[in-house]
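J.: Given next are the chains, with one letter for each unit.
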Amino acid sequence: MSYSSLPEDVLEHVFSFVQSDKDRNVISLVCKSWYEIERWCRRRIFVGNCYAVSPRMAIRRFPEVRSVELKGKPHFADFNLVPEGWGGYVYPWIRAMAGGYPWLEELKLKRMVVTDESLELIAKSLKNFKVLVLSSCEGFSTHGLAAIAADCKNLKELDLWESDVEDPSGNWLSKFPDTCTSLVSLNIACLGSEVSFSALERLVVRCPNLRTLRLNRAVPLEKLAHLLRQAPQLVELGTGTYSADLRPDIFSNLAGAFSGCKELKSLSGFWDVVPAYLPAVYSVCSGLTTLNLSYATIQSPDLIKLVSQCPKLQCLWVLDYIEDSGLEALAATCKDLRELRVFPSEPFGDEPNVSLTEQGLVLVSEGCPKLESVLYFCRRMSNDALVTIAKNRPSMIRFRLCIIDPQTPDYLTLEPLDVGFGAIVQHCKDLRRLSLSGLLTDRVFEYIGTYAKKLEMLSVAFAGESDLGLHHVLSGCDSLRKLEIMDCPFGDKALLANAAKLETMRSLWMSSCSVSFEACKLLGQKMPRLNVEVIDESGPPDSRPELPVKKLYIYRTVTGRRIDMPGFVWNVGEDSALRLS
Amino acid sequence: MSQDTTVDSPESSDGASLMSFDTELTLGLPGESRSPARAPAFAQGHKKNCTKRGFMETVIDLNLGTSHISMPRGQNSESRVSGTGKYPAAKAQVTGWPPVRSFRKKTLEGSSKLVKVAVDGAPYLRKVDLQIYSSYQDLFRALEEMFTCFTTRGDYNMEERKLTGALNGREYVPTYEDKDDDWMLLGDVPWKMFVESCKRIRLMKSSEAVGLAAPRTPTNC
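Sequence order for the protein chains is C and H.
Take the first sequence: its position 552, counted from the start at 1, is 552 in the UniProt record's numbering, and no numbers get skipped.
Take the second sequence: its position 202, counted from the start at 1, is 202 in the UniProt record's numbering, and no numbers get skipped.
Errors might be hidden in some of the hints.
Said to hold, decoys possible - In silico DSSO-like links for lysine-lysine, alpha-carbon gap of 27 Å or less:
| # | chain 1 | residue 1 | chain 2 | residue 2 |
| --- | --- | --- | --- | --- |
| 1 | H | 179 | H | 192 |
| 2 | H | 105 | C | 108 |
| 3 | H | 106 | C | 108 |
| 4 | H | 105 | C | 482 |
| 5 | C | 305 | H | 192 |
| 6 | H | 192 | C | 223 |
| 7 | H | 116 | H | 105 |
| 8 | H | 127 | H | 116 |
| 9 | C | 429 | C | 454 |
| 10 | C | 22 | C | 429 |
What the hints assert, rightly or not - Over the 12 Å line for every Cβ pair with chain C, so calculated as not near, a few chain H residues:
| # | residue |
| --- | --- |
| 11 | 178 |
| 12 | 189 |
| 13 | 208 |
Because the hints were derived from the structure by calculation, they are not lab data.
Cβ coordinates follow ideal geometry from the N, Cα and C atoms, glycine included.
Build out the structure end to end from the sequences listed, making use of the hints.
T.: Structure (structure tokens):
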């Protein structure tokens, strides 16, 4: 019996066990009937670039979706490179889904502009709405949140991860009706102003399934103990401000409350830390798997004391106050560590303010056999260190190194760091994400093109010497999906020679490089399934064609040019005649 | 104007062309310097005025976390600053670099009190964030660690004892400049008051600190 003669419902049942998008996509290509069956039973879609497809098309193809994930602005928007008004509006999607996906349960958005109107539409139209994750989003206020709170009767998760929320006064938390008992996860850490503590407390008390609670800075430390005692079942906690007058009663109350939380696995928050209060969390340290201390301005000895009590730690985010000595302690204690992120306490300083060097990272790479994901800001690096790290941890999958001063060479030899990064891509065969920094020539790109066959995302700044660098990457990196480049001498040749490659990728960002407007036009004309967008706030780019374009964003799409481009974005496609302003 | 002051390694073997790169004078903020660039090889094939930005290009009002550009971008200004040389003190910030999210920048900005620490005889300054310490003891401990390698007399004994003695008055006297521009001895005022009024710290050689060290200067607390 051939597979194609299996009854539809059997196939559908089989397909329901396939969750991965990639696998689902492959299934849909087997034959027409599998395509049909698959599309009717797909429950979750992920659209990595909201402009790659129109909401209408997505809904038409997958009519029974319950969970949608969308991403909007390019990653470099995080660093202020994308002007305000660029786009990434979610409203057209919400409008389409209000009609097309009335039973939608989950919406996860990243780097999108979300308005109160959008939130109100969700609240009004989606009766079974359960999960809202707004990661690095903006454009909405607590009015919109109030609508969600009031009308989404089955809300399980509300996560505002690092979003920019307008906070007009208005007690949105108390808009959760008393009948709402379904909350499992609430993350309001990014909210600037106070929320009503009594409303918060009442909400926590009546939601017995609450597992994740991330408070905002405005919640005082004195009140944390009270909250914890009402929710001892919490698995993930983000504290509010971690500072209070030094009083033994506050301390013992807090320590007691923490010791009652037997399920705690993740801690975050810790704004304004007063070190004397840190021991209050010691009782939960032995079970912690995730610790986010990236806002905790405390010095290395206190960090060491804390981290040394967390042998099960898998993920640590911390400021560079941890220093090499702290990383040494981390390497000695946390043998289960998978992810380390070290953020700069003073990214714009001229000189090092802490004793954190490449040594810290080398030590962690030696001591932590499961280390696979690194984000590391530092001020010096050597090829030797990078080679050591590469050899220590060939299972690395994410390696993002930011040497703060651009074009910093190997501090020992004063040579470029080509060889060091070359070792990383050569030894870490499963590397999926890489961010480069330091002094780099075209050679590093030759290494990357040759060895980084699984690389999906590459971030480059102030590196390379010629188009050859870009050419190596575009021609060699078979798995490349996202490439973002700033301030590199890459120009027309490499781009035009690898035009076809761009259609196999999600997107390419190039700013302050050497791409001419002519080349952009050519590319746009040659490749109808790419949107070639030039961003220029000072005027039409073709009025000064002798100058390179300032910012270029190229992405594949099946819907042609977008209709919501602001005045400073030009789509240089076939009909690249200038719009009349 | 010679561009070759960029590189400390003139014999650099990285193959990058170090040919001089014409920079044109351009408008800039007062206090910006024109640090000469490591010239990228691409400059050969292109017109002189490529829009490669230098670090001197102005940006952004970080406090608002928004990105309106406060000055027109100098199309012609483009000198890239070499990483091998020291940056000039008045370094302006470049949009997008270092890649720190404005969310994070905003949060950290309010929570630090950075002061420069100078040690007589040490080759360069360090900066400390006074807010991460809760007492003079804490601060001294950190200073000891920071400056053990700068103990004079070529003594690189890293043991704390050595410098502890030094900070207690044998070799160095810890002083600070307060809001009124007076130089005071560390330890005279309550910690919090010190944090609030301290502008910078100097570990002065005992020999030079005679005026301060002997009679304690009455403080205005």
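J.: Hint by hint, note whether the structure agrees.
T.: The hints, checked one at a time:
1. Taking the CA atoms of residue 179 of chain H and residue 192 of chain H, the gap is near 14 Å; set against the 27 Å cutoff, the hint holds.
2. Between residue 105 of chain H and residue 108 of chain C the alpha-carbon distance is near 25 Å, which keeps this suggested pair within the 27 Å criterion.
3. Distance hint between residue 106 of chain H and residue 108 of chain C is fulfilled; the C-alpha atoms sit about 25 Å from each other, no more than 27 Å.
4. With a C-alpha separation of about 25 Å, the suggested pair residue 105 of chain H and residue 482 of chain C falls inside the 27 Å cut-off, and the hint holds.
5. As the CA atoms of residue 305 of chain C and residue 192 of chain H are separated by approximately 24 Å, the hinted pair is consistent with the 27 Å bound.
6. A threshold of 27 Å between alpha carbons decides the hint, and for residue 192 of chain H with residue 223 of chain C the separation of about 25 Å falls inside it, so the pair holds.
7. For the suggested pair residue 116 of chain H and residue 105 of chain H, the alpha carbons sit about 20 Å apart, so the restraint of at most 27 Å is met.
8. Proposed proximity of residue 127 of chain H and residue 116 of chain H is supported: the alpha carbons are some 4 Å apart, at most 27 Å.
9. In summary, the hint linking residue 429 of chain C to residue 454 of chain C is supported, as the alpha carbons are separated by about 7 Å, within the 27 Å threshold.
10. Between residue 22 of chain C and residue 429 of chain C the CA atoms are separated by roughly 21 Å; this keeps the pair inside 27 Å, and the hint holds.
11. Non-interface call for residue 178 of chain H relative to chain C: holds, since the shortest CB-CB distance, roughly 21 Å, exceeds 12 Å.
12. With a least beta-carbon separation of about 19 Å from chain C, residue 189 of chain H lies farther than 12 Å from that chain, consistent with its non-interface assignment.
13. Remark: the non-interface label on residue 208 of chain H is consistent with the geometry, its nearest Cβ contact in chain C lying 24 Å away (cut-off 12 Å).
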